Every structure is written in structure tokens, then in C-alpha cells.
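Respectively, the protein sequence lines represent chains G and U. Read in order, the letters of the first sequence are residues 764 to 1040 in the numbering used here. Read in order, the letters of the second sequence are residues 143 to 420 in the numbering used here.
Keep in mind the hints are simulated off the structure, nothing from the lab. Owing to the predicted nature of the structure, the values given are computational and were not obtained by experimental measurement. C-beta: ideal position from N, C-alpha, C; glycine also. Hints are not guaranteed to be accurate.
Cβ-to-Cβ under 10 Å is the rule here; a few derived chain G residues that face chain U [claimed, not checked]:
1. 888
2. 892
3. 993
4. 1000
5. 1008
6. 1009
Chain G residues, not near chain U, derived (Cβ > 10 Å throughout) [unchecked claim]:
7. 781
8. 782
9. 845
10. 846
11. 990
12. 997
13. 1002
14. 1021
15. 1024
16. 1025
17. 1027
18. 1031
19. 1034
20. 1035
21. 1040
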Amino acid sequence: MKLYISCDMEGTAAVCSWMQCDPSNTREYPVYRRYMSQEVRAAIDGARSAGVTGVLVNDSHWDMRNLLWDELPADVRVISGSRKPFSMTQGLDRDYAGAFFTGYHAKVGDADGVLAHTYTADVLYNVRINGTACSEALLNAAMAGYYGIPLLLVSGDRVVVEHVKEFIPQVTGVVVKDGIGHYSAASMTPRAAQDLLRDAAARAIREAAASKPFTFDSPVVMELDTARVEQADFIELMPGFERTGGRTVRFADDDYLTVFRAFVAAFRLGGAATAPA
Amino acid sequence: MNIYISCDMEGTAGVCSWQQVDARTPSPEYPMYQRYMTAEVLAAIDGARNAGAEHVFINDSHGPMRNLLLDDLPADVRILFGNRKPLSMTQGLDANFGGVFFTGYHGGIGDADATLSHTYTPSVVYAVRINGMRCSEATLNAGIAGYYGVPVLLITGDRVTVESAKEQMPWITGAVVKESIGHYSVDSISPRAAQELIREKAAEAVRNASHARPFVFEPPITMEIDLARVEQADLIELIPGFKRTGARQVRLRHDEYPVVFKAFVAAFRMGALADLPS
């Protein structure tokens, strides 16, 4: 059985500030980068103890080159670097039997979700697919689902885990902390979180047969509320996007892959509106 | 007849350097050429009105698109001022206009002996073709006018700009205000002489309007963009409808030219993002 891991950072145990997750921060980031890597390592170890063979890890945080190679087993593959067309879901295909999302965080607008955001907090105020408010976890789980792959495990704070369980009840959820507002957390220690992840990962693999791929029904209708009017100005230039409000755009297609790519295009182009005109 | 004027700056008489047309960084030369740009637009309006034009709509189409010295213009024109218009240099065009003027226009990207030649964003757009035709800004913008059934009547700029436009739109009246010597120098008539010439040519253009035809891209419309850099194509191919046709090339097909044009605007804006460090 081959396993795909998308690893983010904000949902790592003890993380509660952007400064811990910002690669330009030379004081805190190196510490939490190591914890992030160790949580990924724990998930891999647990999965392997339950029979997983091949592992692909997609570094999915910030500039997407966070993982410390030396903290990982020698025989995994890692996708490192940014601007991947499928971003946090790059490399997913039918070869994988399951997906893990580690270090994930709550969606933009969630209270008590530590560092809650959805892709680009500067641009996205809300993301809805077929009317459902979506986190990164849900958007990405549907990319796995597109290839028939179930999401087996999600780790992060309580809000993101419970959000995912609402839509994917069979998922193994690993709550490593409780958010207190946006910028603080009551957390397990990193070591305890790693132990918990190792056990949960093994259990998730053993119970994989009960899991189902998560998909959105076609036609897939995506609505984006942008943070600012001028971002919607840019996004509506793209073919297929319709301006449905001062700060809302809509895109629909039968194919979720097309919708997801359009989503990536939208938050990138929306980001360009931040520059002075 | 109502006239739509899209006014750029690089093709203004005397202009031969980016510093003269740089509205963003305080450039000591800019205010002077801003005045010449405005005077050429005023001359075009005067000429058009001498030949019977009524309402005039001006779309400031250069840089941040707020260059025109408003006090120098007649009180009864409308001006489109400011940046990030979805149809950019062609914003506001519709079937209510009898003709279009392009003033201060410049050569397309890659044109030799065309001062400051480029097509929208030179750091991104290496070449742009519609239905196989190499396009300058004049060509792309004329296509929007043509979509609404409006012909381009007048173009002013250097010789290459005017002659390329005449190849694609033989009915156009041209005012050649300078000969370019390479990219950064010109052999120019004086601003005052250029204004006289533009006044005459604008009148002539309006009088000859019945011979002019809308410039239309026939559907299905295929746009190909060659990018300056590979990483720009990486981002642009994410835009719905774009296909990656080469390492530095993307293509889009659509039957509606305004959709194609807006996709072009989205593409050059998106491409510029690739210049940020990854």
C-alpha cells in the first residue's frame, strides 16, 4: 500500500504564532520546522508499522521547503518547493491507497482555530464548494477523492479535526492542541503529539478499508468571497469566472480538477491586487 | 459622431526614454512630457471637432492611467482616469462611438527602430498572436473596437507604429511624429509641429470615416502568447481555458473577443507575479 502525505505546519503541536511558521524567522522557525518534520516522521513510522510501503510527502507549507531531510527516513520521496499547479495536493494520483494530512489548520473565519486561514488569508475571506464552507483539508481531500483516494488521517487542532470529521466521518483525527483564540493553544508536548500520531497513523492504515473517497457532486460550483473588492476585479478577468457580488466570484465546472486549478489561479491573481495601482 | 480616444504616451513627439514617461517614480522629465501628451490629445480633439465630431471620450491608457493634465482639456469631454480597468486601454468602448483614435501609440514588442516598443507588459509578453497575426497594442485594442463595430480612424506615433497599423488597417489615418533610431532615440518633429499635424490628421480622419471599417478577429479566436520566462507560463496555464503549448508559450481559444482580451489582461497580470521570489 502506497501512502500520500500532505504536511502543513500551523497544526503542529505547540504552534500558535506566524513567527513560528515563517521561514524568514531565524529564531523560532527552525525549532518548529523540526517539530513539523518529526510529526511527519511519526506518521510515516506508524503507517509503515501497519504495512505501508511507498510514501510520498508533499511539503505543503509556505514556500514548501520546510522539511528537514535528515529527520525523514532515507527511502521516502519528498516534493519540495512552491508554485506547484496543484499546490498542497501536487503528485496525487491513483497509485496511492490513502492520504494523510498532517499539521493542518482550521479554515478562514473559524474561531478558536489556531492561525486559521484557507490558502491565502490576504485574498480569501470564504471558500464555498456547492455551498459548503471549505477548509484546505476539505478542498485537498476532494482532490484525493477525485483520484479515488480516501483521506485516512488528519492532524491539527480540535477545530480542524472536528470540521473534517463532519464531512469525512471515517477519518482518523489526531487532536494535538486546543486553540484559544487565533494566537494561543493548549497543546500536548511535541513528543506526546508524535507518539499519538504514530499510533493513530497505524490505526488509520489498519482501518483504511472502511474509508471512502471524499468528492464533491458535479456540477461543482465554487464561490469565493475575496477579502477585498479589487481582488475580485482581477479574478473576474479569467474565463469562466463570474462576478456575483462586490467581493464574490463564482466558477463552475463538471470536473473538480478544473475547479481546483481555477482556485489556485484565483488566489494567485487575487494576490496581485495587493500591489499599489 | 462620437469619438473614443485611447491615449498612450510613448508615441508622443520627442519621447525616447522610459524616464520621460515614468509616472510612478518621481522623474524630473515626466511632467514636461505629460504636458506634451496632453497637448497632443487636445489637438486630436480640436481636429475631430473641426470636422464635426460631437462627444469625446478619452481613456487615459498609459502606465497608471492618470496622466492627462485635466485643466488643459476642454470642459465638455469625459475622461476615464485610473488603473486596473478590466478592458484596460479599451475600457468604455461600445457601439455608441463612430470612431476611435489611438494617440501616442508605440511599436509592438520586438519591433526594431520603434522607440520603447512593447506590448502591454514587456517583462512578461515576448510576443502575442491572434489567429496567427502578430499583435501590437494597437492591433489588440482595435479588435475590441471592431467587436463593437467601431473603426479605428486615427493613430499617432512613430513611423513603425503608424505603418504597422496601416498594414493591418489600411483605412487608418496616420500621424507620424517621429522616426525611431533603435529603441532609445528618435528623430522627432517638435511637439508644437506634432500638435499641428495631429489636428489636421484628426480632422481628415473624421472626414474620411465612411471609408473606415471595423477591425474584427473572426471566431474561433486563437490567442497565443510567448512569455519572456518559463515560470510565467507556469502561472498563466493555471487560468481556466489556457493550454500550455510550449515551455514559454500558452494558447487560449474562444469565440468572444472580449473574453479573449480579458484573459490576455489576466495573463499578463498573472505572469508578472512570477517575477516575485519563490
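How the hints compare with the structure:
Evaluation of the residue 888(G) hint against chain U yields a violated restraint, the C-beta minimum of about 20 Å exceeding 10 Å. Checking residue 892(G) against chain U: minimum C-beta separation of about 16 Å lies over 10 Å; hint violated. The beta carbon of residue 993(G) comes within 7 Å of a beta carbon in chain U, closer than 10 Å, and the hint placing it at the interface holds. Evaluation of the residue 1000(G) hint against chain U yields a held restraint, the C-beta minimum of about 4 Å falling below 10 Å.
A least Cβ separation of about 16 Å between residue 1008(G) and chain U goes past the 10 Å threshold, and the interface hint is therefore violated. Hint status for residue 1009(G): violated, given a least beta-carbon distance of 15 Å to chain U, over 10 Å. With a cut of 10 Å on Cβ distances, residue 781(G) stays outside the contact zone with chain U, its closest approach being about 19 Å. For residue 782(G), the requirement that its beta carbon stay farther than 10 Å from each beta carbon of chain U is met, with the minimum near 20 Å.
In this structure residue 845(G) is not separated from chain U by more than 10 Å, as the shortest Cβ-Cβ distance comes to only about 5 Å. Chain U draws residue 846(G) into its interface by the beta-carbon criterion, the shortest separation being 6 Å against a cut-off of 10 Å. Chain U leaves residue 990(G) outside its interface by the beta-carbon criterion, the shortest separation being 16 Å against a cut-off of 10 Å. The beta carbon of residue 997(G) is not kept farther than 10 Å from every beta carbon of chain U, the shortest such distance being approximately 6 Å.
Remark: the non-interface label on residue 1002(G) conflicts with the geometry, its nearest Cβ contact in chain U lying 4 Å away (cut-off 10 Å). Distance check for residue 1021(G) against chain U: the nearest CB is about 7 Å away, which does not clear 10 Å, and the non-interface claim fails. At the 10 Å boundary, the C-beta of residue 1024(G) falls inside the reach of chain U, the nearest C-beta of that chain being 5 Å off. Against the 10 Å criterion, residue 1025(G) falls within the reach of chain U, whose nearest CB is about 5 Å from its own CB.
Distance to chain U contradicts residue 1027(G) as a non-interface residue, since its nearest Cβ pair spans about 5 Å, not more than 10 Å. Distance check on residue 1031(G): its Cβ comes as close as 6 Å (rounded) to a Cβ of chain U, failing to clear the 10 Å threshold; non-interface status is violated. With a minimum CB-CB distance of about 7 Å to chain U, residue 1034(G) fails to clear the 10 Å threshold, and the non-interface call is violated. In this structure residue 1035(G) is not separated from chain U by more than 10 Å, as the shortest Cβ-Cβ distance comes to only about 5 Å.
At roughly 4 Å from the closest C-beta of chain U, the C-beta of residue 1040(G) falls inside 10 Å, breaking its exclusion from the interface.
Checked against the numbered hints above, the structure violates hints 1, 2, 5, 6, 9, 10, 12, 13, 14, 15, 16, 17, 18, 19, 20, 21; every other hint is satisfied.
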